[in-house]
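Taken in order, the sequence shown gives residues 3 to 265; the numbers are from our numbering.
Bear in mind the hints are in silico, worked out from the structure with no lab data behind them. Since the model is a prediction, treat every value here as computed from it, not as a measurement. Incorrect hints may have been included.
Claimed, not checked - Calculated lysine-lysine pairs in the BS3-like style (CA-CA distance at most 30 angstroms, straight line): (1) K61 / K122; (2) K260 / K192; (3) K79 / K111; (4) K178 / K193; (5) K22 / K61.
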Amino acid sequence: MSKILEVIFQLTGIYKIYEKRLENEIKNGDIPNHVALILDGNRRWAKIHLALPKTGHWKGADAVENLLDWCEEFDIKIVTLYALSAENLDRKDEELEQIYELIRMRLEKLYNDPRIHRCKMRVKGIGRIELLPDSIKEVLKRLDDATKDYDNHFLNIALAYGGQYELVDAVKKIGKKIKDGSLKIDDINKKEIESNLYTSHLPQSSPDMILRTSGEKRLSGFLMWQSAYSELIFMDIFWPEFRKIDLMRAIRIFQERKRRLGK
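Taking the hints into account, I'd like the entire structure generated from these sequences.
Following this line, the structure appears as structure tokens:
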């Protein structure tokens, strides 16, 4: 739907009717159990709106909070967010420091959010967390401790994350087991590899659907192992302007596809 049509629909009230009909349609179909999102386009959104990159990141953080409300509404059990790549850490500039502070503040807000207790949501940071500032690691530790016994919903926040690094770290863990004699080479299989990935705590590590905003059509190393049979959806919208209707459209696309899972 073009932007012009959307404005016309909003002014005439047709948009609300369309949104409600779409919501009813997807609620009658299969809702993905695990949705992963690449939150892309904050800086480009800021540039188009003649704003500083910091403004784009703040608007993007607001969009994440809205997303969590919508995922609760549709009872999506597992949400994995790609928030900060390991490669981003190489920048070492003022913008990275601003991102760190924003992440810390939003994690603190999440720690005090009644939703995580109401939904029995386990919250965990995944990635090379040891590379992050101590202030972020401290909040992540508190979130993990406070929610470690929850298993109704799961929120994974990929920070200092890289898919290749995840596989390297898994290989190191397996190698250590072989070295200390607790694992034989012939016993290495898919289940063993998955048990050493960052997502090993999840009841379903593989996303049913991976959504990327901003129009880019690549995964950028996100969940390289876990995404083998995920449905990939790319949307031409910057993350800060992501709306409930965009999530519903993505779910409808997912429902229209015939999933064979390699069979």
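Comparing the hints with the structure gives:
no.	hint	result
1	K61 / K122	holds, 27 angstroms
2	K260 / K192	holds, 24 angstroms
3	K79 / K111	holds, 21 angstroms
4	K178 / K193	holds, 17 angstroms
5	K22 / K61	holds, 25 angstroms
Hint compliance for this structure: no hint is broken.
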